[in-house]
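J.: In terms of our numbering, the sequence shown opens at residue 46 and continues consecutively.
By construction, these hints were calculated from the structure, which means they are not laboratory data.
Among the hints, a few may not be true.
Stated by the list, open to error - Straight line, CA to CA, 16 Å or less: simulated EDC-like cross-link-like pairs of lysine to aspartate or glutamate: (1) Lys281 to Glu175; (2) Lys320 to Glu241; (3) Lys227 to Glu327; (4) Lys221 to Glu241; (5) Lys199 to Glu253; (6) Lys108 to Glu165; (7) Lys275 to Asp296; (8) Lys215 to Glu241; (9) Lys213 to Glu311; (10) Lys213 to Glu239; (11) Lys215 to Glu187.
Since we're looking at a predicted model, the values are computed, not measured.
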Amino acid sequence: MGLDFQANWKAAKELLKKNDVEIPKMAVTDRIKLYTMHRKSIGELFDQLDTAVGKPDPPQARKLFDQLKGKVQAFVKAGVDLKDELQKKNEKNKADVLNTALDRVSGLVEVARAVVTELEDKKKQTEMTEQKIKDWEAKLAEMNRLYSNNVMKKVQNMPLALPDLAVKFKNLREKKVEPAMKQKFNRSTFVPMEEEFLQLMKQLTDFENFLKEAMEQSKIYLEPLRTYMKRPGMEKLVHTEAFKNAKDNCDSSNDHFQKSAKLLLEAKQAANLTKSKMTEYEKNN
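Throw the hints in and build the complete structure from the sequences for me.
T.: Following this line, the structure appears as structure tokens:
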């Protein structure tokens, strides 16, 4: 129950106690006529309803509320008849006391109605939430599956797809190009070095394209997955296998992308240095 309902519910309980105090001020015969018939059963039903509300048990609470409403309606009808009788006898004070009691008991029904309705609404929301969580979990698992198949497997293999090209470019430069530069340009020496350089550049270009494709696929699958994981209410799924798997994939993909981008940059820098030396050697022709 919300705070307002809790306050109203508590006030309703207090209200019944006040009725106990105020109604007995009337004449014994009047009190018996109105009160003994209905008040005890109303109090008992209210107590039962209070217990049902605390569980909560919407169907039982609704059943008790309907009984309470019927008892209160009978109570109010008897009270109105008695009030008319008191007014005819010019016993205004008693009529006013009775009128106050009737208003309070009628108000009690409205409080009970609001509380029971809230219980039923919460039950529906709970059922909807449970189904929603199942739907979200299934959607998350499917999005993660698509991401794993289309991106993650490629991302994991990227460092394997990129041999240590930076070292190969460096070895070409330091062990072949730079020693050759100490002598006059020789075409037969240059051509094999150029072919090796072009082969390494092809590997570098292939890997760069591979990385670009993986990043494009990441936009299609990874970004929506990350966005979905941040939607309001997703915290209810943090302990599910689907959420943990998706989070692990998202976290590890960053590491793989960063590692691959670093390898690519190092290879490009080594390729540029080697190309520069080869150009310099060729100019010595």
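J.: Hey, Lys221 versus Glu241, does the alpha-carbon distance stay inside 16 Å?
T.: 11 Å, holds
J.: Does the structure keep Lys213 and Glu239 at a Cα separation of 16 Å or less?
T.: The hint holds at about 13 Å.
J.: Starting from Lys281, check that the Cα of Glu175 is at most 16 Å away, please.
T.: 10 Å, holds
J.: Do the alpha carbons of Lys275 and Asp296 lie within 16 Å of each other, as the hint requires?
T.: 14 Å, holds
J.: Hinted pair, alpha-carbon criterion (16 Å max): Lys320, Glu241. Please report holds or violated.
T.: 12 Å, holds
J.: Please work out if Lys215 and Glu241 have their alpha carbons no farther apart than 16 Å.
T.: This hinted pair holds, its Cα atoms lying about 12 Å apart.
J.: Below or equal to 16 Å on CA atoms is what counts here, so check Lys199 against Glu253.
T.: Between Lys199 and Glu253 the Cα gap is close to 13 Å, so the pair holds against 16 Å.
J.: Just to be careful, I want the Cα atoms of Lys227 and Glu327 compared with a cutoff of 16 Å; is the pair within it?
T.: Given that 16 Å is the threshold and the Cα spacing comes to 12 Å, the pair holds.
J.: Would you mind confirming whether the straight-line C-alpha gap from Lys213 to Glu311 stays at or under 16 Å?
T.: 11 Å, holds
J.: Run the distance test for Lys215 versus Glu187: straight-line Cα separation, threshold 16 Å.
T.: 45 Å, violated
J.: Under the criterion that the straight-line Cα-Cα distance not exceed 16 Å, is the pair Lys108, Glu165 satisfied?
T.: Measuring from Cα to Cα gives roughly 12 Å; hence the hint holds.
Of the numbered hints given earlier, the model fails hint 11 alone.
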